[in-house]
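Chemist: Next come the chains, spelled out residue by residue.
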Amino acid sequence: MRFLETNSPVTTGARSVSIRFRDLQIEMAHGAGGKAGRRLVEGLFAPLLYGNSPGPLGDAGIVDLGGTQVAITTDSFVVKPVSFPGGSIGELAINGTVNDLAVSGAKAEVLVVTFVLEAGLPSSVLEAEVRAMAKAAQAAGVRIAGGDTKVVEHGKADQMYISTTGIGRLIQGITIDPASVRPGDKILLSGPIGDHGITILLARGELDMEADLRSDTRSVLPMIEALAQAAATGIRWMRDPTRGGVATSLNELARDCGLGIVLQEERIPVHDAVRGACELLGLDPLHIANEGQFLAVVAPEYADVAMNALSLVPGGEAAQIIGEVREQPAGSVLITTSYGGSRIIDMLVGDPLPRIC
Amino acid sequence: MRFVDEFRKPELISKAAEEIRRLAGTDRHYRMMEVCGGHTHAIYRFGLKDILPENIELIHGPGCPVCVLPMGRIDDGLSIAKDPNVIFAAFGDMMRVPGTLGSPLEHKARGMDVRIVYSPSDALKLARLNPDRHVLFFAIGFETTAPSTALTILRAKAEGIHNFTVFCNHVTIIPAIRAILDSPDMRLDAFIGPGHVSTVIGCRPYEWIAKDAGKPIAVSGFEPLDMLQSIVMLLHQLKNGEAKVENQYKRVVPWEGNRAALKAMGEVFQLRPYFEWRGLGFISQSALRLRDSYAEFDAEQRFEVPGIRVTDPRAAQCGEVLKGVLKPHQCKLFGRECTPEHPVGALMVSSEGSCAAYFNYEHRKTALTQLSVA
Chain G
1 MRFLETNSPV TTGARSVSIR FRDLQIEMAH GAGGKAGRRL VEGLFAPLLY
51 GNSPGPLGDA GIVDLGGTQV AITTDSFVVK PVSFPGGSIG ELAINGTVND
101 LAVSGAKAEV LVVTFVLEAG LPSSVLEAEV RAMAKAAQAA GVRIAGGDTK
151 VVEHGKADQM YISTTGIGRL IQGITIDPAS VRPGDKILLS GPIGDHGITI
201 LLARGELDME ADLRSDTRSV LPMIEALAQA AATGIRWMRD PTRGGVATSL
251 NELARDCGLG IVLQEERIPV HDAVRGACEL LGLDPLHIAN EGQFLAVVAP
301 EYADVAMNAL SLVPGGEAAQ IIGEVREQPA GSVLITTSYG GSRIIDMLVG
351 DPLPRIC
Chain C
1 MRFVDEFRKP ELISKAAEEI RRLAGTDRHY RMMEVCGGHT HAIYRFGLKD
51 ILPENIELIH GPGCPVCVLP MGRIDDGLSI AKDPNVIFAA FGDMMRVPGT
101 LGSPLEHKAR GMDVRIVYSP SDALKLARLN PDRHVLFFAI GFETTAPSTA
151 LTILRAKAEG IHNFTVFCNH VTIIPAIRAI LDSPDMRLDA FIGPGHVSTV
201 IGCRPYEWIA KDAGKPIAVS GFEPLDMLQS IVMLLHQLKN GEAKVENQYK
251 RVVPWEGNRA ALKAMGEVFQ LRPYFEWRGL GFISQSALRL RDSYAEFDAE
301 QRFEVPGIRV TDPRAAQCGE VLKGVLKPHQ CKLFGRECTP EHPVGALMVS
351 SEGSCAAYFN YEHRKTALTQ LSVA
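The listed protein sequences derive, respectively, from chains G and C. Per this note's numbering, the very first residue in the first sequence carries number 1; after that it's consecutive. Per this note's numbering, the very first residue in the second sequence carries number 1; after that it's consecutive.
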């Protein structure tokens, strides 16, 4: 779920609002994190639920509660299979919400959890996931304040869905605002991309392919805290590139700030197994989901300290400056190759599908 | 990564680019058609136009199987799968291709049992796993994918599987090249020959292009260095006034092709008298159907197929773009009514289609002189 970055209370009501969402039915693409999802949020949810003039959409909403600003976000997890190399749905459900708050400049304090369970789900599977959640919550330093459970008939859900809603305390000194991004700012990426999406694709067992690959699911909070300590005032924008990948997150930034993003392909870290799978399947690692990475835009004078701070945190060793913000191509993301070619990188359209013929 | 990085080495690429600039000079314009959609995709993905001199113009050819498939065929295939007992299986490439009432993915959203498979044998596996249901494999592709369909049908017959049929849309590349060359508004100097198709058919079937049509052709791989080397080969031929078939992709393409694959195709398929291509119209002997001896696996013979024909919107200029007469962005609908999310014309649907490739990678790319990031 993307939120409006707004401090004003949400107003809805009888005022006439313009609904721009014209798609006839909901399709998988509307949940894939790309263009269709954006159309749904901006064309239907935002005008009716957030008021008439949506600003840029962030990973969490910042709300004022009696003089204290807190960050709030929610996320649902419907991953199939529920467990996969490197993680499981329970771990994702905690880390995903912790990360959405972290990249909004907040430390998750409290979560509430909703389970939607399919009748017939073995209790052992549920127990394993609840244990995974407890472990991930402890690692991220977040408390579970409560929850809700619903059970649906067998066949009406796929084993289990988990939804988590989190409230976070703002980390001092960080302001996330795409409008503050300037030409010359550096784009920082925390580590190798595509591990999660490709791991899931292979774990489904539909493609006869195997690779030594694990999901990157983890809390990015320790990395963001280190970054904040070293360079808080230099941080302009952050995002965790989950569904839709780095390409979609950076396109949203380019659109929101009206500037161009220019990346250098050879600087983008990608594991060989991910590259290989993407080459075979005709996918672009930049469109593949991540669950333990984040992107940050930092002011150029803070780039070195930011990189140093990140490289000292466990898990941040592979961080890279992958490009910079330019005046042009305004509103778009361009990638350049070491041999002199370049191409525009668009948002993901629909789900990434293997290309065969 | 092996077999990839070697062909993307900056030093070698700049050397090849320099050689191309030297050979191409400035006194004439060269128009080369890359036949294969995989090449079109590679040209945009690797930004090869930034490396090539301006007087080398690459024209995108008809070798994108999804793009040349008429909409009526999709409607026909999906009409069979309206029966809830049928599982519709196809490659990922097909999933977003629109029929009159939507793409396979849209039909899936409405409840049709649509599965993405990675190979025809995966579709056969579905048939084995679901003995009470019928699996329809919607087959597309040139000679690249036709052998695996043929082998799957042979396997199904050997195993005595009765709940599996193929809706065959396999096409052949040579008649399409002939149609392009026969077109009166076509002015081409040379061809970059398809790499994957040639692993099956070899290089011999192209000899008439050199001998009769007098056009040089270089069968090419898909990495940046492969394509640049192929352009060097073609420039050498053009400078020397030669026209012959050269094989740049020797590490994969045998001159004689793959005999086992050709044998399987010959056993299972026969040529259709004619077949409609999107953008190019009817081309005789340009597509494959199942032989009568395999009729039980032929969806068109086992099911009632409506035989729907849909004409493309008149405003879409797919034919002109497909033949290289127009560039993608010169079409009236490009980027407005016709986008990858809502494709009107054939070439916007697959990422190998020239319009989609142009839209995804080139569109909005402004002339940036200084691209290096400090």
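Read the hints as simulated data drawn from the structure, not as lab findings. There could be a bad hint or two in this list.
Mimicking PhoX-like on lysine-lysine, the simulated pairs with C-alpha atoms at most 20 Å apart in a straight line are [what the hints assert, rightly or not]:
hint: 1; chain 1: G; residue 1: Lys-80; chain 2: G; residue 2: Lys-156
hint: 2; chain 1: C; residue 1: Lys-108; chain 2: G; residue 2: Lys-156
hint: 3; chain 1: G; residue 1: Lys-80; chain 2: C; residue 2: Lys-108
hint: 4; chain 1: G; residue 1: Lys-80; chain 2: G; residue 2: Lys-107
Since this is a predicted model, take the numbers as computed values, not measurements.
Chemist: Compare the structure with each hint and give your call.
Modeler: Against the structure, the hints:
Using a Cα cut-off of 20 Å, the hinted pair Lys-80 (chain G) and Lys-156 (chain G) holds, with the two alpha carbons roughly 14 Å apart. With a CA separation close to 16 Å, the supplied pair Lys-108 (chain C) and Lys-156 (chain G) stays within the 20 Å bound. In summary, the hint linking Lys-80 (chain G) to Lys-108 (chain C) is supported, as the alpha carbons are separated by about 18 Å, within the 20 Å threshold. At roughly 28 Å between alpha-carbon atoms, Lys-80 (chain G) and Lys-107 (chain G) are farther apart than 20 Å, so this suggested pair is violated.
Against the hints set out earlier in the document, a violation occurs for number 4 only.
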